[in-house]
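Asker: So the sequence lines, in the order shown, correspond to chains A and B.
Okay, so the first sequence: first residue is 35 according to my numbering, each after it adds one.
Okay, so the second sequence: first residue is 23 according to my numbering, each after it adds one.
If you are wondering where the hints come from, they were derived from the structure by calculation, not from laboratory data.
None of these values were measured; they are calculated from a predicted model.
It is possible that some hints are incorrect.
[Said to hold, decoys possible] The list that follows gives simulated cross-link-like pairs (lysine-lysine, DSS-like), each with its CA atoms no further than 25 Å apart:
1) Lys160(A) x Lys51(B)
2) Lys157(A) x Lys196(A)
3) Lys173(A) x Lys162(B)
4) Lys126(B) x Lys173(A)
5) Lys229(A) x Lys133(A)
6) Lys126(B) x Lys162(B)
7) Lys126(B) x Lys51(B)
8) Lys173(A) x Lys160(A)
9) Lys160(A) x Lys134(A)
10) Lys72(B) x Lys162(B)
11) Lys173(A) x Lys51(B)
[Unchecked claim] Short derived list, chain A residues pointing at chain B, Cβ under 7 Å:
12) Leu170
13) Pro175
14) Gln178
15) Leu189
We put the beta carbon where it would ideally sit given N, CA and C, even for glycine.
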Amino acid sequence: MKHFLRFLLFVILLGTIVTGKSAMREFKFNDIPKFNFDQNDLESETGLLIMQNQKFNSFELNQTNKFSMLPPGDELGAGIMSGFVSLALPGVGLYMANKKLYSLALLPICYGMVGGGIALMMKGAKSAGDNYDLYLAEKNPTLQTEYLGLADDALFVIARGKSILIGGIAIWGLQTAWTFIYGRYNDFYRARNAKWKNQEASFNPGYDFKTKTTSLNLSIKF
Amino acid sequence: MKNTKNLSVILITLILCSCYKQEHTRVNKYDPLADVTRTYTLAFDHVEVKDIVVPGYVADGDGLLEVNENAELHVYLKNNGTDPCLLSEGTFDEVVDVNGFYIKNFDIGTNDGGLQFLGSSATKGYTVQYIDPGATDYLKVDVHIYPACTNQDVSLVFMLTDYDGEIHQVNFSVHVE
Chain A
35 MKHFLRFLLF
45 VILLGTIVTG
55 KSAMREFKFN
65 DIPKFNFDQN
75 DLESETGLLI
85 MQNQKFNSFE
95 LNQTNKFSML
105 PPGDELGAGI
115 MSGFVSLALP
125 GVGLYMANKK
135 LYSLALLPIC
145 YGMVGGGIAL
155 MMKGAKSAGD
165 NYDLYLAEKN
175 PTLQTEYLGL
185 ADDALFVIAR
195 GKSILIGGIA
205 IWGLQTAWTF
215 IYGRYNDFYR
225 ARNAKWKNQE
235 ASFNPGYDFK
245 TKTTSLNLSI
255 KF
Chain B
23 MKNTKNLSVI
33 LITLILCSCY
43 KQEHTRVNKY
53 DPLADVTRTY
63 TLAFDHVEVK
73 DIVVPGYVAD
83 GDGLLEVNEN
93 AELHVYLKNN
103 GTDPCLLSEG
113 TFDEVVDVNG
123 FYIKNFDIGT
133 NDGGLQFLGS
143 SATKGYTVQY
153 IDPGATDYLK
163 VDVHIYPACT
173 NQDVSLVFML
183 TDYDGEIHQV
193 NFSVHVE
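Chain A extracted, bound-state conformation:
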């Protein structure tokens, strides 16, 4: 009987230790609820309800509240100077700023549209001029109509080339402007991240069952 009681006591002690270690293993510093209470109101601490959303407990200030399309702070790309690169090499500057590989597709698109547009306009202008000259010199009504049709077709080619050229310039300009904006925000957040690097904030809502009061604690640690 005496041995049995000793064994039972050993099992209880062992269970307590194991359970306690498990509880300690789950316990983290950031999980400790923070709230305001008076020094004389220690009893109410036992009945505190911790809100479920633990993410609010602690967060880095340099990781939040950013321009929506920007990458996290440690992935910020090139600054505003990348806009000048984008002006000469469309897409490359944007890639430097946003680090998105698909931005490089703008390089062949812009050069292709601008170059292709100019080429089409030159080709159309030559054809239109040549055929219109032939029309002006022709006395045969059938050939007049044929030459004039070719000249008008060439005008259509010029209009199409002009549209492609303007479209290319528009995309070029927009992506340049976008790169400047993106780079500007990169610079802005890079500066802000450097300023807020080792600073932390916490936000802790809570409820005290004993006093039936809610609590909300926002703290910023400098």
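Since the structure of chain A is already known, use the hints to place chain B on it.
Answerer: Relative to the frame of chain A, chain B by itself:
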């Protein structure tokens, strides 16, 4: 999203603009459809007689308009002006009332049936409807002369309409031997 929308509007506008087809203006004064004003006057120059061989009728080829002959008159007109003359149609003012003088083709226009071409259409390979500035060209008129019409002058009048809508009157006469 907003930028994408704006870009789409720009591109759609450009595509629609590119579909708009421009056209050259028709200013060639030899173009019948050109919206231009041509300055010239037409005047009769001379007539040539081409004998036509028809079975049962005389065709001596002497270049004279004689009885019992089928002939083709080449009525030469001169363009006194600085612009080409483009004729759309032409008629005789009225059928001549001369006994024994018969005009086989009334319509001397260049667009309707029974065409009588201007100038050297055969050599140019297309229907010539114009007379160059300062140049002389002819209209063809098929005639037949009966014995009743002997040794007399026959007066005729052309009414020619050009592509500017102007009507030109040409008076001339031919002598029948």
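Asker: For each hint, tell me whether it holds in the structure or not.
Answerer: Cross-check of the supplied hints:
1. Lys160(A) x Lys51(B): holds (23 Å)
2. Lys157(A) x Lys196(A): Answer holds: Lys157(A) to Lys196(A) is near 12 Å, not above 25 Å.
3. Lys173(A) x Lys162(B): holds (21 Å)
4. Lys126(B) x Lys173(A): Violated: Lys126(B) and Lys173(A) sit about 30 Å apart, past 25 Å.
5. Lys229(A) x Lys133(A): holds (23 Å)
6. Lys126(B) x Lys162(B): holds (11 Å)
7. Lys126(B) x Lys51(B): violated (33 Å)
8. Lys173(A) x Lys160(A): holds (22 Å)
9. Lys160(A) x Lys134(A): The hint is violated at about 41 Å.
10. Lys72(B) x Lys162(B): holds (10 Å)
11. Lys173(A) x Lys51(B): holds (9 Å)
12. Leu170: holds (5 Å)
13. Pro175: holds (6 Å)
14. Gln178: holds (5 Å)
15. Leu189: holds (4 Å)
The structure shown violates the earlier hints numbered 4, 7 and 9.
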